Structures are given as C-alpha cells and as structure tokens.
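**Student:** Which chain is which? The protein sequence lines are A and B, in order. In terms of the numbering used here, the numbers along the first sequence are unbroken and rise by one, the last being 238. In terms of the numbering used here, the numbers along the second sequence are unbroken and rise by one, the last being 238.
The set of hints was computed from the structure by calculation and includes no laboratory data. Do not rely on the hints blindly, as some may be mistaken.
Same chains, same names: a pair is fine if it fits in one copy or spans any two.
The list that follows gives simulated cross-link-like pairs (lysine to aspartate or glutamate, DMTMM-like), each with its CA atoms no further than 25 Å apart [said to hold, decoys possible]:
| id | residue 1 | residue 2 |
| --- | --- | --- |
| 1 | Lys100 | Glu3 |
| 2 | Lys100 | Glu112 |
| 3 | Lys47 | Asp153 |
| 4 | Lys194 | Glu173 |
| 5 | Lys47 | Glu71 |
| 6 | Lys211 | Glu190 |
| 7 | Lys47 | Glu89 |
| 8 | Lys194 | Glu221 |
Everything numeric in this text was worked out from a predicted model, so none of it was measured.
These are the residues of each chain, in order.
Number of protein chains: 2
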Amino acid sequence: MIEALIFDVFGTVVDWRTGVAREVEAFFADSEHRVDSIAFADSWRAKYQPSMEQIRSGRRGYTVLDVLHRENLDATLAELGLDDAVDNEGRTRLNRAWEKLPPWPDAVSGLEALHGRYLLAPCSNGSIAMMARLARSAGLPWDAIVGADIAHDYKPQAAVYRASAAALGLAPEAVMMVAAHNFDLAAAREAGLKTAFVSRPEEYGDGPVGKPDLAPSDDWEAVVPDFRALARQMGAGG
Amino acid sequence: MIEALIFDVFGTVVDWRTGVAREVEAFFADSEHRVDSIAFADSWRAKYQPSMEQIRSGRRGYTVLDVLHRENLDATLAELGLDDAVDNEGRTRLNRAWEKLPPWPDAVSGLEALHGRYLLAPCSNGSIAMMARLARSAGLPWDAIVGADIAHDYKPQAAVYRASAAALGLAPEAVMMVAAHNFDLAAAREAGLKTAFVSRPEEYGDGPVGKPDLAPSDDWEAVVPDFRALARQMGAGG
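Sequences are here, hints too, so could you generate the full structure?
**Tutor:** Here it is, written out as structure tokens:
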C-alpha cells in the first residue's frame, strides 16, 4: 500500500527554464546589457549535473545546491562576458531565481487532489531552504521536505531515495517516486520504491541542455500525462 | 532581521498530556482493562528525557523519537501491568498518539498569522515523519521540518538549533526559537538564535512529570501569553 508520493521538482513540478529566464530578463531589464535570457538559463543549467557529480563521486563533501548554483552562476556570468555586470548582492538575488520557478499548469491542482489521500514531499536535489521557499512561491502543498539535503548526497544515488522513505517513517515500497525523467525512476525502483512517470515534453524547449523523456523506458507502476491524471489513477480524485 | 520562526512542539504548540490520554482512553475503551489514561500519559512522558539523554551523551547512536517512544511505551505497559493486554499491532497504533495531539487553542490561528510574514518550521525532538503527520492532523502551516532529525542529535544540544537555521539557509540570528520552556530558549540563545517565550501553564496539569515555566528566566526577545500575541508583536497581524 502506497502511503506517500515524493516528487522530482525541477522539470517535473516546475518549469525551471522559463522560470530562470524570466528572472534573468527582469534582472537585466533596466541595465545596459543585452542578455539572451533563455541561453543564460540553459548555460546555467548545463553546469548542474557536473557540479553534483563532484559530490556523488566523493571528490567533494556534501555541499547544498544553493552553493553549487551560485558557483555555476559565477561561471555562467564569466562565460557570457557579464563578470563586471553583476555585483555580489546582485548574484545573491539572481541565485534566488530557483526559489521562484512557476509550476506546470496541472501541478498545484494535481498535488492538492493527491494531498487528500497521501503524504506528499519533494525528493529533489534542491536544499530544504530552496524547496521551502519554492513551495511558498508556487503554492505546493508539501507535508515535509525530503531528498538530497536529508541524505547529504545527490540523486540518482540510492541513499537519497532510501533516506527519503525512512524520513517519512515508511518502507521504500510504501513510497512512490514521481518524475519526468526515466533515470530518476530507474534509480528509485532500484532502491525499492514504486514509480510514476509524468510527461513534461516542454522541459528543455529547443535548448542544448537535454532532451525530454517523451516515453517511459520501463514498466513504471504509473505512466500519466500530468498530475491530475496521476491523482485519478491513484484514487485521489482530481 | 528575523526571517524564520522555529517552534518547540510538545507543550508549546500541542497539548501532549491531554492528547495522549485521549488516545489511550479510546484505545482501552472497549477492553476489560481499567486504565488511568492521564497517569499512563505521565508515565510514558516521564521516560522521554532519559531516553534522549542516552543519545545526547553519546552512549547510543541517533535513534528517531518514534523508536524511543515505542521503547518507552513498552516500559510503561510493563509498569502498569498491561504487558499482556496489548499486542504488537496495538502498540504500533498507540505509538501514533503523538501524531494526533491537539494544538493549544491559539496555536493554529497564531501560526497562520505569522505565516503571512515568516518562514515557519517545527524545531522539535520529534522526527520528520512524526512532525509531518502531526501537522496534517492539527493543521499546522509549516514550510519545512527542522529539528532533531536534521541534526541527528536532540535538543538542547547546540547542534540542533544551528543545523535548523542552516537548513533554512539562514544565519542563527535571523531565526527566532519559540518555546514554553526556558531551558530550550537558553540553549537556542547560546547557539546564536533569537528567542520567544510563550506561557503554557496547563502543559503538565497536576502530574508528576514536570512543572511549567510560569515566567521567563531571562530577557528573551519576546515574552507573550500565546501565539496570537506573538504574531501581533512580530508585526504579522493576528
């Protein structure tokens, strides 16, 4: 019996690309700098997996994603020739773009329906601090925040999924991982969790950072087009 | 500038004694056993601090409060001659009494007012699992869950307050600890946090487990009769 659903967040619950671009655009709107905000978002996000790989591989101790994002922001500004354009205070402000990302249109109503029947929590690589502020901004009805910051390691390491189920007081098989990414679900299943695939074909747009998983790669317990369909399939209205 | 308020829970947000007694009474209502449910609650709670002291002292590794509560429940049942009266399934069910405690009458409306302006989280010795379920049952508007389960140690160890502020992405001085217990506030202040004292004179009733702190022992940043007064004092309406 599934008692809790835990969610990948960037790409699955919220639209990071549009959201980061919007914040970047607003930030530079009154400046002399012409910035391609979508290219900025893609460049920033391209450094995401490599920065976490340092920690997953053990070459670097656990460091919250807020700090990795800031380092990657600094590198992005340098790459785009904007090193002198943004001071420290501005960088701190820009780094908060990740706390203001917009939810996909079905996300909040789907989560609210699921919340009537299940414990809900993000299982993201984002920190507790980042997830708490994002939840306020986007209106996400989480009961708790689990994920990387609980396990002090990054997905798709098995420890993150196992620690997340344990933090909710549940056996892995009583928890369903929801994600738009097959690799995330494969790792969750390997750790003993149930799995649900949600299509998010627009996540990467036409950018260079990645391609969406348009179809499930395996026989996940649920395969749905959005969170409302997930709520219906899980017997939680919607 | 204070950005987050974190709360002691048992005794400060919820009424553990009445709540546990109510669950115990309901549990034994249809049985042949005559149980003094208030004495049961007091006996169970009397084992709370000693069980955590094993972990604070380093004699035992971090063990979630759900497990300590279960061990203390087993000891309580033995003490009261009820060892044969409750099977394993029943003990599991009784142990969940701590997830169903009633909030003090001002708690939910006060938290809702504070939530308009501050990040809110429990900083309890209860686990993430326990706090998540209690929040659903009592309607507590937390943004995150911090406390013992983040730090893998128990209050009043300084690490718990420091790890809680860090998990919210804040310096200790940007976080206010709210409690009905002076020892909790003294430890939080020592760790660098701001402090607020709330009177909860009914916490222990006339039982043997403890006496309420009827007055502040120090010049805490706020001293209030309830959470609504705290919200008003913190500029959050109420």
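**Student:** With reference to the structure, classify each hint as holding or not holding.
**Tutor:** Each hint, compared with the structure:
no., hint, verdict
1, Lys100 - Glu3, "between (29 Å within a copy, 17 Å between copies)"
2, Lys100 - Glu112, "both (19 Å within a copy, 22 Å between copies)"
3, Lys47 - Asp153, "within (17 Å within a copy, 35 Å between copies)"
4, Lys194 - Glu173, "within (6 Å within a copy, 41 Å between copies)"
5, Lys47 - Glu71, "within (9 Å within a copy, 47 Å between copies)"
6, Lys211 - Glu190, "within (23 Å within a copy, 50 Å between copies)"
7, Lys47 - Glu89, "within (22 Å within a copy, 49 Å between copies)"
8, Lys194 - Glu221, "within (6 Å within a copy, 47 Å between copies)"
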